[in-house]
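Given next are the chains, with one letter for each unit.
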Amino acid sequence: MCALRGPVCSFLTRLRRILRIVSERTIVSLIFLCGVSAVIFVFGIFFFVFREGAPFLRHGFDAKEFFLSPDWYPTSATNKRYGILAQLIGTGTVTLVAMLVAVPFSLGAGIFIAEFCGKKTREIMKILIELLAAIPSVVWGFIGLMVMNPLIIWLTGAPIGLNVLNAGVIVGLMSVPIIVTIAEDAIRAVPDTYIEAAEALGATRWQLVRKVILPAAKSGLLAAVLLGVGRAVGETMAVLMCTGHSINIPFDGKAPFFHVLDSVRTLTATIAAEMGEAPRLEVNADGTFPAEALHYQSLFVIGIVLFAVTFVINVTADLIVKGIRKRK
Amino acid sequence: MKNWKQELIKCVMAASMAVSLFGCKGEKGASGPQKVVISNSGSDTMVNLAQMWAEEYQKIKPEVSVEVAGGGSGVGIRDLIQGIVDIANCSRDLTDAEKEQAKRNTGKEPVEWIVGYDALAVYVHKSNPVESLTLEQLASVYAEGGPVDKWSQLNIDMKAAGGNDEIVRVSRQNSSGTYFYFREVVLGNKDYKPGSRDMSGSKDVVELVGKTIGAIGYSGMGYVTDAVKFVKLSAGEGKPAYEPSLENVAAGHYPLARSLLMYTDGQPQGAAKEYIEWILSPAGQEIVKKAGYIPVAASGK
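Residue numbers (numbering that gives the first Met the number 0), protein chains in the order written: chain Z, 0 to 327; chain W, 0 to 300.
So here's chain Z without its partners, still in its complex pose:
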């Protein structure tokens, strides 16, 4: 390799070695810093959200009212009330409908891609499904507003097409890619020997899916669905545009009890719509806050609630996935 001979060459080699070691170390420490920074950011966000919400937790917070009252009037002139029951139910119902739409589609697609299609089809399908994940949520919201809204009014005669059904379908489609990708991994992780054994016993494809693949990939599929739920709970822009953004509980005593054509409002959309304008007021000289300051703080408490919900969902999904890896 070395074109020159003698001491010059050996000097160059040594220099190169030193340079390599130095650059190696710099890069290692840089990468370490990048890895740690993610952790720092998570804790930083955690700290910030808690710090902003803390005064409300200390002063105006009444857990019973907060979680069990549907009255959300943080800017009322006469009687400020902070109840998020309607938003909790809104988030829950939109997520439920979204999963009813997404789970059958995604599991079907996952099984098809993992087991029943050729290599070429699989690659094309995977690219297309990942493309679905690349569509910005505001574009999904736009589809809900412009396409689904008139369609729902026309099909059902509902007074307005911005409701649980609209948002559920849109959010369902949005969570399809994440569920498909993880479900496919889980199904491909089923040992080939299981499948070969079943085929050798003369199982049909349906029997193979129902009796062998689904039971074997059960926990992975559950994790996939849970991550889809996490996606649906956290979605903001599309639900802000598609739910109608209305404080309303879509249940009542009359059949069919759950009214999928009612407008609702979700936790995320409440934060998105109100955070920009809620004033961040400073503490008074005597240690109390002006009444207007609680609005901003209560929105952060909603953030904490959302944080807790998605945290639990993600950790559960993570533990389930870890369980699969260990067993293999």
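Hint data in this document are derived by calculation from the structure and do not stem from the laboratory.
Among these hints, one or two may not hold up.
Derived lysine-lysine pairs resembling DSS-like cross-links, with alpha carbons at most 25 Å apart [as the list claims (entries may be wrong)]:
no. : chain 1 : residue 1 : chain 2 : residue 2
1   : W       : K231      : W       : K158
2   : W       : K158      : Z       : K63
3   : Z       : K79       : W       : K210
4   : W       : K107      : Z       : K253
5   : W       : K98       : Z       : K79
6   : W       : K210      : W       : K149
7   : W       : K149      : W       : K238
8   : W       : K210      : W       : K158
9   : Z       : K63       : W       : K189
What follows is a set of in silico ranges between Cβ atoms, one per label pair, in the way DEER data are often shown [said to hold, decoys possible]:
no. : chain 1 : residue 1 : chain 2 : residue 2 : range
10  : W       : K107      : Z       : L150      : 45 to 55 Å
11  : W       : E108      : Z       : E64       : 34 to 44 Å
12  : Z       : N283      : W       : V35       : 48 to 58 Å
13  : W       : S280      : Z       : V38       : 34 to 44 Å
14  : W       : I113      : Z       : L29       : 51 to 61 Å
Covered stretches of chain W (chain Z as the covering partner; in silico rule of three or more C-beta atoms under 8 Å from a C-beta of chain Z) [unchecked claim]:
no. : segment
15  : 75-82
16  : 192-202
17  : 282-295
Glycine included, C-beta positions come from ideal geometry on N, C-alpha and C.
Since chain Z is already given, all that's left is putting chain W on it; use the hints.
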């Protein structure tokens, strides 16, 4: 072969970086005298008007650029309190608490400027047969505990229009200046009935009403489109109902006329002072008319 290609790519990247760096420097050097920037944020009702003012002012005074941001009256007030904006647009008055905060944060008392008037219009879908409503009827539709949920309760037959009998109430997000004004004047500061669709912009309200046959909504009169129509309003049963228009507001007939405000931290200085003076001059007030609102001089107030 491969190495050669990689080298070439590196060279091109380095060259483009160098060019972009020098390019930046060149631009900086070429810019002439300092540009004066007036920052202006707030009311969603006024954002179109503020934009038109800014564009027109650019033509008269090219050395001053006005940066307009919307977001809602609450955003403008927040920026004013933090002292990060020169002029805040507002479709409602500052509360005492907000004035106090602004004074404490910036050391200056906020100063109010009335720059025009708006008739807060009540919109319905163009095929809705409703002609006029009283303020009490509006309150019974919108207020918490108000008994009216169906068009038939207002003696309006929506079947003929091909719509649903349910009234789809369209409202604004709970920190909007328009939300505050409507609550104060129409609902007498009572709260809104839950279940209204709360839109984040003046334009969104009119758009949703235009797409929903059974809907009713309130928004600035400047946002009217072909898909909606104004509802005439009367102050009470048996009193004449008036459409939101320049003449009706000027004569003091229309019950929901409100002022469009600008706030500054203390008396404005320099460019901001000149800008507000220009806005209040005939040339600036002509633009108020063009934006669909009512100039200060024309109002009977």
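For each hint, the structure was consulted:
1. Under the criterion of a C-alpha separation no larger than 25 Å, the hint pairing K231 of chain W with K158 of chain W is consistent with the structure, at around 22 Å.
2. Proposed proximity of K158 of chain W and K63 of chain Z is contradicted: the alpha carbons are some 43 Å apart, above 25 Å.
3. For the hint pairing K79 of chain Z with K210 of chain W, the CA-to-CA distance comes to about 33 Å; that exceeds 25 Å, so the pair is violated.
4. For the suggested pair K107 of chain W and K253 of chain Z, the alpha carbons sit about 58 Å apart, so the restraint of at most 25 Å is broken.
5. Of the pairs offered as hints, the one joining K98 of chain W and K79 of chain Z holds, with about 20 Å between alpha carbons and a cut-off of 25 Å not exceeded.
6. At most 25 Å may separate the alpha-carbon atoms for a hinted pair to count; K210 of chain W and K149 of chain W meet this at roughly 18 Å.
7. Straight-line distance between C-alpha atoms of K149 of chain W and K238 of chain W comes to about 23 Å, which keeps the hinted pair within the 25 Å bound.
8. A threshold of 25 Å between alpha carbons decides the hint, and for K210 of chain W with K158 of chain W the separation of about 17 Å falls inside it, so the pair holds.
9. Distance check on the hinted pair: K63 of chain Z and K189 of chain W sit about 24 Å apart at the alpha-carbon level, within 25 Å; holds.
10. Evaluation of the 45 to 55 Å hint for K107 of chain W and L150 of chain Z yields a pass: the beta carbon distance comes to about 54 Å.
11. Evaluation of the 34 to 44 Å hint for E108 of chain W and E64 of chain Z yields a pass: the beta carbon distance comes to about 37 Å.
12. Between N283 of chain Z and V35 of chain W, the C-beta spacing of about 37 Å breaks the proposed range 48 to 58 Å.
13. Distance hint check: the CB atoms of S280 of chain W and V38 of chain Z are about 58 Å apart, inconsistent with the given range 34 to 44 Å.
14. For I113 of chain W and L29 of chain Z, the hinted distance range of 51 to 61 Å is satisfied, since their beta carbons lie about 58 Å from each other.
15. With a cut-off of 8 Å between beta carbons, the segment 75-82 of chain W has 3 residues touching chain Z; three or more are needed, and the interface restraint holds.
16. Taking a C-beta to C-beta cut-off of 8 Å, the segment 192-202 of chain W contributes 7 residues in contact with chain Z, enough for the three needed, and the coverage statement holds.
17. For a cut-off of 8 Å, the count of residues in the segment 282-295 of chain W with a CB near a CB of chain Z stands at 0, and the three-residue condition is violated.
Checked against the numbered hints above, the structure violates hints 2, 3, 4, 12, 13 and 17; every other hint is satisfied.
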